[in-house]
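Spelled out from the first residue to the last, the chains are:
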Amino acid sequence: MTRRPYERPIIVRHESGLGNKLSRVPALRPQEEIDGVSVEELVKTYGSPLFVFSEQTLVQRQRALADAFAVRWPKVRTAWSYKTNYLDGICRVLHREGAWAEVVSEMELDKALHNGVRPDHIHFNGPFKPESALEKAFRGGTLVHLDNFDELRRAEQVATRLGKRPGVAIRLSVAAEGIPPWTRFGFHLESGQARDAVRRLLAGDKLDLVGLHCHLGTFLLDPAAYREAAGKLAAFAEELRTEHGIRLQFIDIGGGFASHNALKAQYLPAEQATPSFEQYADAVCDGLRALQGPPKELPTLVLETGRAIVDDAGYLITTVHATRRLPDGRRGVVLDAGVNVLFTAWWYRHDVVPTRHLAGIPEPTVLYGPLCMNIDVVRDALPLPPVEAGDRLVLRNVGAYNVTQWMQFITLRPAVVMVGRNGQHGLLRKPETLEALTSWEEVPEWI
Amino acid sequence: MDLIRSWSQILFSRDLVVGGLLLVASLLDPWVGLHGLLAALVARAVAAALGLAPLVVGEGLFGYNAVLFGLGVGAMLPHGTWSEALLFAGSALTVVLTAALRDNGLRTGLPTLSAPFLIALWLVWSASPELVQPVPGPDRGLPEPVALGLRALGALLFVPRVEAGALVLLALLRWSRQGTVLGAAGVLAAWAVIEAVPVPLDPSQATLLALNLGLVSVALGGVWFVPSWASLALGAGAAGLTALVSLGAAPVAARLGLPLAIAPFHVGVWAVLLAMRQRAEDRSPRSVDFLPGTPEENLQYYRTRLARFGARYDVRFRAPVRGTWVVTQGRGDGPTHRNEWEHALDLEVADADGRLARDEGTTAEQHLCWHLPVVACADGVVAKVIDGVPDNPLGQVDLDDNWGNVVVLWHAPGLHSLVAHLSPRTIAVVEGQRVKTGEVLGLCGSSGRSPRPHLHWQLQATPQVGAPTLPLELHDVVDAAKGEVRGTWTPTTDDRLRNLVPGEVDLGLPPGTEATFEEDGRPVVIRSEIDPWGRRVLVCGDGRTYHGLHDDLFVVYDTLAPPGSPLHVLHAALARLPLEDGERSPTWSDHLPPRTLVPPWLRPLQDAVAPFVPLEGLHVRYRRVPGDRAVIEGRSDRERGGVPVLTTRAVLAPGVGLIEASQTLRGVTRTLRRRVP
Ligand SMILES: Cc1ncc(COP(=O)(O)O)c(C=O)c1O
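Line order of the protein sequences matches chains A and B.
If you count the first sequence from 1, position 207 lands on 207 in my numbering, and the numbers rise without skipping.
If you count the second sequence from 1, position 337 lands on 337 in my numbering, and the numbers rise without skipping.
These are calculated hints, taken from the structure and not from any lab test.
None of these values were measured; they are calculated from a predicted model.
All C-beta atoms, glycine included, are put in the ideal place defined by N, C-alpha and C.
Mixed in with the good hints, there may be bad ones.
What the hints assert, rightly or not - Ranges between beta-carbon positions, derived for each pair:
1) A/LEU162 <-> B/THR362: 57 to 65 Å
2) B/VAL656 <-> A/ALA436: 39 to 47 Å
3) B/THR362 <-> A/ARG200: 47 to 55 Å
4) B/VAL656 <-> A/ASP150: 30 to 38 Å
5) A/ALA436 <-> B/GLY521: 34 to 42 Å
6) B/ASP637 <-> A/GLU40: 48 to 56 Å
7) A/ALA235 <-> B/GLU360: 32 to 40 Å
Turn these sequences into a full structure, and let the hints guide you.
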């Protein structure tokens, strides 16, 4: 006779009216391995906490995106949004799949070049492009997306100095229903500012207008916003063609597609709320239908999709350090990873699964990080059966923005690894060390 | 120099040696020859005064009728000022008539031949009081048929002597060995006729008969039909017909007082060409539906085209969709692609796991091909549109409107394409509208006999909906499963296909420019031009490489150049070039003509036997090496001692274009490098 494992007794408050046809029993199926490599083996090799990326998922998402658009528009290009995740290994997988680069700073530009991207295969966005950055961009043929009138003037000066006539795009800020407008970037379309910018650019006669860019926002759950924005871009492109004889090489619709994550305020789970790439592609290409003609004459459609590609490919393995009972009856769990490395915990309700079957009834649980700071909450009100110190938890869909926006605060940042397609795994980034940290520090001699 | 081409063109040639030989032959009767020369000069001046296209003038295309006319005047009109005046007026008239008929010829596809010469000759004949018939020269002891043939060749230039004929024979041999054989067959036919007719023909009649029959045999046996046993037979048959025309029309012409000259040849060629167009299928012999060259060129071009492009249609078909689709019902497959409708394709979209729908796939909207754009598979005109048939719920079919919403495009006479089951009110074109390859026609739906969303695509002869299908071919489309561009392809069920995506790859040789390359330190200048017939051509010295440039593909059609020409290297390295960017670019293969492989001294022999013994060309596989510069490597399947007979390499740099082309043929490497300023 086998002994049943001990189950800690708990008291759970009965809440009526919780279930309706949309709610689901949280599927806490344990995740023992990632692409065939066991979580335990990864932790043994690289330690905990640990970011793990699946090469297979990364490639699948990239191809699914490209395929969804390729059946709808004759020429499509993806440009990898560096800020979303600029670890060299991640970028190179995507470049190998044919993605160009989208950068928003001189540092990112350098990083893309360091990754072997052709300078003229880089789109350069952002509100801050100092002269040195513009100069570097124009020398190599990088496609600069102009953000404001001062930048336009600066770009003209740099181009004149270099004796070049670069092709540039202008960034437009476009209003779309249900989307908080990102009016601080680019030239406003509706107010007529964009037209002024085009006239100004043509009058200056130093740059060629070859593209339009528009990034609506991020994690946009409604594809209709893209239909509206793409429609406005198409109409503007037609206007440029008929009024100024400009044939654009590309229309860049930015990023912003939602990943399989759930926002904190979101009611539906990600599987139901997140539109498919097909639905986004349908909206975008339907919006562009005013542009007609044989493929060669149509502008290339550029996508700067970030999180929707890489989020699903990223995992964070953490270890339970301690558990406690909170005065309000909820259970508290202290993990070895907090908001210092999981920046996206601020706005996502991350998906959390154990690595073994957890017996017992789920009870409302708060996941805390290791920081001695009240704000360090990774997840609140997660229904979770009791866990023990030493248990592993896997946070899923954490591939976007975390390994770029994380901070070195109180603890050192952990290792990042990639699992390859046939059970290989290797480091994308070494765990930080004190020497690495202190090597940048100086102590003035009078101290 | 260009003036000489007016003589070359008499034998459909642009070769200066051919023209020179003919000029010398005509000068054997100096008076006659000088009149030919004079007429050519008059024609040149008139063409210049009229402002006719210099390129066409330079080819001698406005001059050969004048030369023939001048020779005729020199030979037959009495010496005197009136004759000279007629020479000037008549030569000018031939130029005007040639220009006028050229337009007609380009539209109808019927060759002008020497009709302007005949018209001018007849007019002048009637305006002239007394005439001399050129008297055939002596045999010089040659056997009867040989003497007949040589005199006939001389008679082409109104110098019916065996000496002149011998020079024309040399020119003919230089122009084409196969043509010479065909001409000899025509002369033999004439000899047989002469022997057989009960009333003996006078010598000048006999000579003229041989000339007409010889010309018909060459023209039909090798110029307007691809040389083969069948074309030889056709030439011989047409010669018989022409003999009847010659003999039958002679008394009528005599009563009218007009010389028949080479009129029977014209009647024979035109009648047979028109008649052969009524055939159900263009085979045995196969007509030359490209611009005719020498019989050898026609044969080589046709064979290579057959191997490279498939020979069914002159229209190139792309997939009627964007992105990658899968064939879910191919030729002769499933319940509907049967009998008259066997050559059709049903297309759908599958995801990476092969599923045709997302989520549960319980609605039409969840099918991946739902509402995807359907595009024109080739340039054309919208011949028919049906709209307004509703989409079916999943699993149901509408047997009243079998085809659902339809767009039919006209591409060429007797060649239409049809796309069916489109979604209602998504059709973006109207009847009569011109469309270009890749333009959106409508959105994929599920109207008509369609239980789930899919696209039905077929070729057909007429614009009627429900017409029987024609064999379907795709051209230069990617076989997505193999990652290979297929020159000519009829996909079958489960094949995945996509069009090439036009990219940035560029040869950097736009028409009207030239580029300097270097071979072994010697400069090689290659000019890019559009020739008088509107074809794109790369010119290097005497050689020409005809090619096409589509949005998604560069393709060499043929290279006509001396054996050592650098253009052969270019042809081998860049026979085809998909203009697609990207790291995952497909591979492709091509066929190089057999001439490449035959040493120059063996070529005349090869020419003579080629119509009857097909020689295989060289199959070469190409791939693009990943990297910033487009590096294209080719290697032949055929090997010798474990080494490919031919390897090639081409390098294209962004913003510059082609910077290097090389070939290694049987261990001998030739490299062209662009001189970049
Ligand atoms: C200009 C631009 N492009 C692309 C992106 C990537 O967006 P996402 O990760 O939401 O797809 C961003 C993110 O903010 C952006 O600012």
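Going through the hints against the structure:
About 59 Å separates the C-beta atoms of A/LEU162 and B/THR362, a value consistent with the hinted range of 57 to 65 Å. A beta carbon spacing of about 44 Å between B/VAL656 and A/ALA436 agrees with the range 39 to 47 Å that was offered as a hint. For B/THR362 paired with A/ARG200, a C-beta distance near 53 Å keeps the hint of 47 to 55 Å intact. One distance hint, 30 to 38 Å for the beta-carbon pair B/VAL656 and A/ASP150, holds here, with the actual separation near 35 Å.
Checked against the given bound of 34 to 42 Å, the beta carbons of A/ALA436 and B/GLY521, roughly 56 Å apart, lie outside it. For the pair B/ASP637 and A/GLU40, the beta carbons lie near 52 Å from each other, so the given range of 48 to 56 Å is met. At roughly 37 Å, the beta-carbon separation of A/ALA235 and B/GLU360 lies within the given 32 to 40 Å, and the hint holds.
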